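A.B. asks: As a plain string of letters, each chain reads:
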Amino acid sequence: MSAGQDVAAALAAVPSIPCEAEGPVFREPWEAQAFAMTLALHQAGLFTWPEWAERLGAAIKRAQAGGDPDTGETYYRHWLAALEEIVVEKKAASAETLHARRDAWDRAARATPHGQPILLENDPLAGA
Amino acid sequence: MSHDHSHDHHHHHDHDGSELSETALRVRALESILTEKGLIDPAALDVMIETYETRIGPRNGARVVAKAWADPAYAERLRRDATAAIAELGYGGRQGEHMVAVWNTPEEHNMVVCTLCSCYPWPVLGLPPVWYKSAPYRSRAVIDPRGVLAEFGVTLPEATRIKVWDSTAEVRYLVIPMRPAGAEGWSEERLADLVTRDSMIGTGLALRPEEVRP
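For the record, the sequence lines run as chains A and B. Heads up: the first sequence begins at 1 in full-length UniProt numbering, then just goes up one per residue. Heads up: the second sequence begins at 1 in full-length UniProt numbering, then just goes up one per residue.
Honestly, the hints are just simulated from the structure, not real lab data. Do not take every clue at face value.
Stated by the list, open to error - Computed cross-link-like contacts, DSBU-like style, restricted to lysine-lysine with a CA-CA straight-line distance of at most 30 Å:
1) A:Lys61 x A:Lys90
2) B:Lys37 x A:Lys91
3) A:Lys91 x B:Lys163
4) B:Lys163 x A:Lys90
5) A:Lys61 x A:Lys91
Stated by the list, open to error - Computed footprint of chain A on chain B, listed as stretches where at least three residues anywhere in the stretch have a Cβ under 8 Å from a Cβ of chain A:
6) 32 to 43
7) 118 to 127
8) 168 to 175
Since the model is a prediction, treat every value here as computed from it, not as a measurement. Backbone N, C-alpha and C fix where the C-beta goes; we use that ideal spot for every residue, glycine too.
Work out the full structure, taking the sequences as your base and the hints as a guide.
C.D. replies: Shown next, in the form of structure tokens:
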């Protein structure tokens with residue numbers, strides 16, 4: 001009886017399921033890119049699907065522990081974190097390389113006038 | 001900080017440059033490096049994305065269910081080897097997952113979840129809805145399936161057992177909902193209209209014939 005009440009109390013504290021939330025398959029282009037890259041790398045044999053599922057599950061757990069409400073809206077953020085992790089782990093790229101390239105894209109974006117395609121060549125430090 | 005007309009928010013740094021979000025930057029970093037290494041091909045990524053956005057969705061699964069309802073021999077093949085039976089209709093996964101079809105009966109209702117991440121039968125249902133990926137669904141489907149069903153507006157008879165299947169990277173489940181009465185003699189094409197995505201996850205039931213527009 002009291003165990004049942006405990007469960008009921010615990011359930012009441014859990015946020016409800018966002019049943020109505022449908023939305024598009026991908027909300028922003030980067031989500032689609034992250035998704036497709038993962039499939040492509042799997043096809044290229046960089047990792048097995050169970051290895052991927054394990055990294056993704058761990059990334060979600062970590063985010064939850066860090067206070068992410070994990071309502072499904074942030075799913076692809078966790079996906080991206082897991083992808084970076086497995087890419088580094090499988091030595092397809094180092095964490096340093098990824099960081100440096102991220103910064104290069106940031107400089108390139110800032111140096112690109114609005115409305116024009118952002119290209120890596122636009123990085124003022126490119127080739128420096 | 002104040003709301004007067006201070007010059008606080010008028011920092012004209014003179015840059016009319018563009019800005020990319022943090023996630024977009026990280027994705028571009030990955031994509032450009034992996035492309036240089038020959039591990040991915042941007043054109044192939046675009047094709048993949050388009051396929052998932054437009055061509056793969058619950059309509060695929062609905063055709064499988066409708067065929068299983070209408071064709072006992074197909075239902076038998078689906079029961080024995082769902083991966084092969086689904087491939088007969090041209091739907092196949094690239095992740096090497098093994099498909100299992102689970103049948104709803106008056107005695108037993110099946111519901112699918114992935115508690116670990118969000119494994120989902122992509123080839124037949126497309127990509128999962130937001131709620132499937134949410135922590136409340138992932139945790140509560142297991143401990144309180146009847147309560148979860150109620151939130152989806154589904155009430156089952158008390159006597160019906162609810163079986164919850166936890167997907168893994170290797171095994172994905174497709175729920176075969178019960179065929180509603182009143183659709184006798186319907187073509188597979190029409191039957192497929194009764195099969196909703198949620199009914200194949202187990203958080204819904206197939207539509208009754210009077211619920212679909214004539």
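A.B. asks: Run every hint past the structure and note whether it holds.
C.D. replies: These are the hints, each one checked on the structure:
For the proposed pair A:Lys61 and A:Lys90, the alpha carbon gap of about 21 Å is at most 30 Å, so the pair holds. Restraint check for B:Lys37 and A:Lys91: the C-alpha separation of about 11 Å stays at or below 30 Å, so the hint holds. For the proposed pair A:Lys91 and B:Lys163, the alpha carbon gap of about 41 Å is over 30 Å, so the pair is violated. As the CA atoms of B:Lys163 and A:Lys90 are separated by approximately 38 Å, the hinted pair breaks the 30 Å bound.
Annotation: proposed proximity of A:Lys61 to A:Lys91 holds, straight-line Cα distance about 24 Å (limit 30 Å). Interface restraint, the region 32 to 43 of chain B with chain A: holds (7 residues with C-beta to C-beta distance below 8 Å; minimum three). Against chain A, the region 118 to 127 of chain B contributes 4 residues with a C-beta closer than 8 Å to a partner C-beta. That satisfies the three-residue criterion, and the hint holds. Proximity of the region 168 to 175 of chain B to chain A, defined as three or more residues with a beta carbon under 8 Å from a beta carbon of that chain, is established by the 3 residues found.
Going through the hint list in order, the structure does not satisfy hints 3 and 4.
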